[in-house]
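Chemist: Which chain is which? The protein sequence lines are A and B, in order. 135 is the number that the working numbering gives to position 135 of the first sequence; each next residue is one higher, with no gaps. 156 is the number that the working numbering gives to position 156 of the second sequence; each next residue is one higher, with no gaps.
Hints were generated in silico from the structure; no laboratory data involved. Among the clues, some could well be false.
[To be verified] In silico DSS-like links for lysine-lysine, alpha-carbon gap of 27 angstroms or less:
#, chain 1, residue 1, chain 2, residue 2
1, A, Lys81, A, Lys253
2, B, Lys454, A, Lys65
3, A, Lys81, B, Lys454
4, B, Lys142, B, Lys75
[Claimed, not checked] Away from chain A, derived, C-beta distances all over 12 angstroms, residues of chain B:
#, residue
5, Phe95
6, Leu115
7, Leu425
This structure is a prediction, so every number in the text was calculated from the model and none was measured. Even for Gly, the Cβ is constructed at its ideal location relative to N, Cα and C.
One-letter residues, chain by chain:
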Amino acid sequence: MDSITKYLTVGFFSLLLFFVLVLGTATVPRLFQSEWADELNWNGLAKGKLTSKLEARLQEQMVFKEGIRSLWGTLNYWLFKTGQSGVVVGQEGWLYSQEEFGMYKPNLSAFNDNLERIFKYRDILSSLDISLYVVLIPSKVRVVPEKLGYHQLSTDMLATYEVVKQALIDKSVFAVDVRDVFQNLETGRAPYFKTDTHWTQEGAYASALALRNSILETCRTLPWSRAKFELSHGPQMALNGDLAKFIPLGYFKDIVPLEKERMSVPIVSKSEASTEKGAMSLFDDQGNEVVLVGTSYSAIEDWGFAAFLTHVLGTDVLNMAEAGQGPFLPAQKLIASILDGQIAVPKAVIWEIPERYMVMEQESDDLDLVAPKQLAGEISCF
Amino acid sequence: MVFSSLTFIAFFLPVFLASYYIAAPRYRSVVILIGSYLFYSWWRLDFLGLLILVTFVNYWASRKIHVSAETILRKRFLIFGVVFNLSVLGYYKYFNFGIDSFNHLILSIGGQPLLLWNVILPIGISFYIFQAISYLVDVYRKDAPPAANFLDFAAFIALFPQLIAGPVLRYKDLSDQFSQRTHSLDKFSEGVVRFIIGFCKKVVIADSLAPIADFAFAQTDPSFLDAWIGIFAYTAQLYFDFSGYSDMAIGIGLMLGFRFIENFNHPYISRSITEFWRRWHISLSAWLRDYLYIPLGGNRRGAIRTYINLLLTMVFGGLWHGANWTFVCWGLWHGGLLALERLMGVKGNASWSLRSLVPATVTLLLVMVGWVMFRAENMSSAIPFFQGMVGFNGFDTTGMTYWPGATSSFAMLFIAWAIIFLSPLVSRINVRFTFFCLVRRISWLLLFVIAISKLFVQSYSPFLYFQF
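Same shape as in the complex, but just chain B (with noise of 0.2 angstroms):
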């Protein structure tokens, strides 16, 4: 199931909200337990029980470790803990991509591939895990303490609202919030809208530029219009589609009482990768720095170390998007921009000035040509879109004038794009209550009615991040 869905907006958040506020406070976490393993379940009964399974172990290794009194046993709890994560992860996510890159060099060398079972990649199960891993962590660090009981855990784990597709949540930012939070017309409100300006996001303009990416990833060999048309569209629809995401589910947690972290922060208007890392899937860029990166030796151990620590952490973050060497080339090329940056000393702290449009320029289009790479079937297809980019299939202006629904979807690629470099203005506006702003939420439950009302017509539209 996903949010821009009618079973959802038709039945499953009415019903569960409903629900929600039925209940006595003290059940809501049972309430939130169940609603969120229905909604996993939807997609497959049958891998919900690795959920519960992946709960269950890691709650008690969490428990063992908070009460195991020497130093030794916690750690081996906490190995335990990781690898058993890692172990799921590992087997669901790659056991395909590694059999199928040993296959390959077999192939090359004449010898016989492997015929083994295909394994299914569950949904979520990046994020799952990666917020198990850093609840045994911190619960080893003693930077919070383990669940009260495991009701509230599971609820944690399994969570609806960042289940499948995040913010990477930890657990330490919200255990005060599953005992004790607020719920209030304010917060209730906050979380209405936040939910609709993600759900126009998504429905309303990141599907209205999926035909334009589609149809130029689509191209064996695209013009250099074709090419750049798409990746803008790409970078846009990525955008939206991720942000709207997170927005909707920052938006259902406040209807539930619970803050969550942001996840984005206008990360197209970066000066370098390296503010380009703060600004893009923070609670991912969080995770990765403090529980591999700091953990490798983060920046203490000299300049090479450094940039070696660096690339690692982001090949690693690229495979966690996907097990195809696209993802890895992704991170190496992230990786060896943060180490380059790093060696000339960028640290992305400044303030905007006009001074800043030639670095974010440059900043956005290092960061298009690593979505070539995020976006490409495999590596055999992105050099071809590489191609196009600089020229060498032709600069037919032709090329572009007979793409799917023309019209409209250039018109929302120019409106995506002007949203992305205006927000970040129109953020720092600060608007006291007024009629102005009746009359901009008014239009923001008009769009609302109009993005259901896309919703009725379009085919099945999951989140690109669903993937991962």
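One chain only, chain A, in its complex shape (with noise of 0.2 angstroms):
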């Protein structure tokens, strides 16, 4: 029995071994790529980049890698109910970004420099007679707390909406609260996709829409020009859920099945007569009189959030927000782009905010932006 258990090892590791080993070998002509030619030389050689970007691209291009990734995706999430690092998994299908839950306690440098730059901004486009109108984003975390099973938000990051909001209010930033809006949608409207973390289109409808309200009962009208425009939706169609890519199920997503969401794409068009007062004649050119800028939330088309935003506030809204940059840096591109005078100086800014951002540090470099002239900042309407 002894020789056996001894063979049996050797054996065993040995063809193991040499699997491995042929796996490896197919997996030669896949490893590599023309843009490492730059390193195909004693320096590249010498530095072990090239070796690095070796291993790198085994890692990535390993024969056999889909299936055995799509297997321990599956396990894990159906023995654990887990993910990726990156996904929190709730219950009844619910994902949630790991993003949203950020620390025990909030980074206070970074939440007080991101109110700064907020507050910075305001000074900047109030010079420049630019109204700023602060969209703030709840967490999904937030919004659809009981789908979270056992995972839960600290109680410091509980308090981050509203400390955010008043913060914003005690120094005259006109922001919304969306919160109350997405809480009382009607049943079966979600204001959040399962498998996504972004907002559905009845969130992004019932943000525009609060803003548009918020708008006229401080400033009883919107300052604009407006037009008519009307409002339908594409046809249906599959989501491909930001979060479910954390979850590769890969062969076995039939076994083990996430959420199969579906959603229609809005669509805004102008009406062609339009009998509202201050309406945009044929000939006027005035540019885009509101410009919406933020993150993913506005700039992917498909949560609709910027044709909302046209079709209640009756005006051709000019989408700026960027995707994968967080909420300042587009933000910072879109003011620079004003002052130096490459788009028209427009009425006002929408800045669409997600909470989670306010408590991250942020990469924005914004020294270099000055406000033309000083003035009280004060919520304005025009």
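With the hints in hand, could you dock these two chains into one complex?
Modeler: Rendered as structure tokens:
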């Protein structure tokens, strides 16, 4: 029995190594990339750049990797209700972005810096007679907490939205609280998708409406030229939720399925006849009077936030939001473009900010942005 | 290249082992040397030059020590060799630290900081320099004959299983094995099992605990539970990561016919810090004892001097781990505890009983406190962690429930600690080779397959001691 064990050990080990060697060799043709030509020199070899690229490429391209990855992904999801780093798995198929949970305590230094950024940008826009309207988007974790299961936000993180909102209002920044409109959506209309970080079209529309109502409540009128825009919906299509990518089910997606969600993309078009007071005539050319800036919540046209804003605000909203940059960098770029004269000075800027970014450190370098003239920072309707 | 990588498992190891066993016995040192140099230069080819230079200088110095008849001359060559080795280590490891600390001081008094070049730390330098120093000292003391030829010595210094993360080997323990060692099915099989155990410790356990530890230490103000869960995770992660690597190194050594010294012996059941250092990183603590503590005078120059020697040895040991004030504090912590135990007459030799539970628990807590400093990026991030551990940041129990991969990671944390506490008992059970042994062996082999499959899906995960 002793000999059997030893022969089995050595034999199995040798066969396994040989098998992995065969897989590795089969992967070799996929390893080299033409853009590595620069590293095929003494410098690339001496400093290990070529070998580190080879290792990374081998890790990506290894034969059978996708099959094994989907096996592990399926087992982790099925047995432990976990996905890869980046997603938190709730109940009944609800997925949440790990970013929304943040820290146990919010990063106060980042929070203060980000608030200062907002105030600075508001001041710059005010000095150009541009109204700033901030739409503070609550985290999915906050809006749909009942599906979190045993996951929870810490007490300090739970307070973030209210603290941010109050800090903005205290400094006379026009901030729209959309928590209530999200909670009060009709049954069957969820503000967030199950398998995506972002809001649904219902959530986006409710936010656009809440913004319009807030402006009307404060300013009694919408301070830009208005026209009539018709809203329609495109055909239903499948949603590829961004959070679903963190649960690599691969070949097993039919055995342990994730929720298959559908959506239809809103389409906005200008009415031929417009009876709105102050409507633009055919020969008016004032550029976009309202500009939208923010994150992927606005940049991704599928959610329809820009289209909904155009419809409810009655003006063609220029969408300058960018995905993957956070809310501050696109806002910085917008202001720089306005100051440089690259885009016409709008009447209003709508800035969509997801709350989780308020307690995250940003890479924005906005030291060069300076207000042309000093103005009092009051809520301005014009 | 690290052992827990596809490059190593899929290419290097099978090709190397095949080449080794195909080669005639008289050429096997050459195969080891070429393979080791290839292993090292996979990281950076330019630093292979430094390794070769250190090898040449130490070989030359050892020959000079050996052939010199006069003691004074032998001592001069020894001093030359040691100073050369420490200079290399000092420059590559501590230059940036020294300049940063100096600049910090200068800035605090309003001066202009020095702007100098950044020195890259060559991997494994702490290990191969220490091995070289021990070789020179052993030749000087005539504890070991010098290497019979340059090839054997170069192969010893570069021996890839232990090159980048130990154990810290001594030539006198391996010199016979270089000239004559056995290769047998027994040894190879033992090596395979050892390698698999280490591989699974690293890939299955340590890498699963890393997210918990990383998350806890990333918190700016961790709560009580965050801090304790984090330190429990890190304590286990460090053990399984490092002992796993040592197991793999020992396993590969056995496959090549070498028998290395053991590096870990269930350290977390230690009943004193004195005992801990006989069970944790045994090769390093033995090196520090033989080449630093004893030359400083050990315990032969009175109590006060003993305590000082203990402190100095451990501070140097801390600095060996890294160029950071956290490691100095960690060394002071352990040195201070060792001195205190010496004062209290703690020997750490008694056999284990139920009464050992209390001192073992206290020792484990003291070790964990040390690991906070060891893990922290700097002392200013260690302090909030300590504050969390004593509850200054609150006791909010919700702090733990959004941790990444919570269920599987916490399951692994539980398993890890069960292994830590139960394996000393299991290792005492002398099981004769029966059907149970076969089943156990098959289980290890299947676990190895699972661990390799994990390699396919995880990103690059170096060993924690890689950075030293």
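Chemist: Starting from A/Lys81, check that the Cα of B/Lys454 is at most 27 angstroms away, please.
Modeler: holds (18 angstroms)
Chemist: Within a Cα-Cα threshold of 27 angstroms, do B/Lys142 and B/Lys75 meet the stated pairing?
Modeler: Holds, at about 12 angstroms.
Chemist: Checking one constraint from the list: CA of A/Lys81 to CA of A/Lys253, max 27 angstroms. Satisfied?
Modeler: Distance ~15 angstroms between A/Lys81 and A/Lys253 Cα, so the pair holds.
Chemist: Should the label of B/Phe95 as a non-interface residue stand, given a Cβ cut-off of 12 angstroms to chain A?
Modeler: holds (19 angstroms)
Chemist: Find the nearest Cβ of chain A to the Cβ of B/Leu425 and say whether that gap is larger than 12 angstroms.
Modeler: holds (23 angstroms)
Chemist: Could you check that no beta carbon of chain A comes within 12 angstroms of the beta carbon of B/Leu115?
Modeler: holds (22 angstroms)
Chemist: Are the Cα positions of B/Lys454 and A/Lys65 separated by 27 angstroms at most?
Modeler: holds (10 angstroms)
Figure legend: structure checked against the earlier numbered hints; every hint is met.
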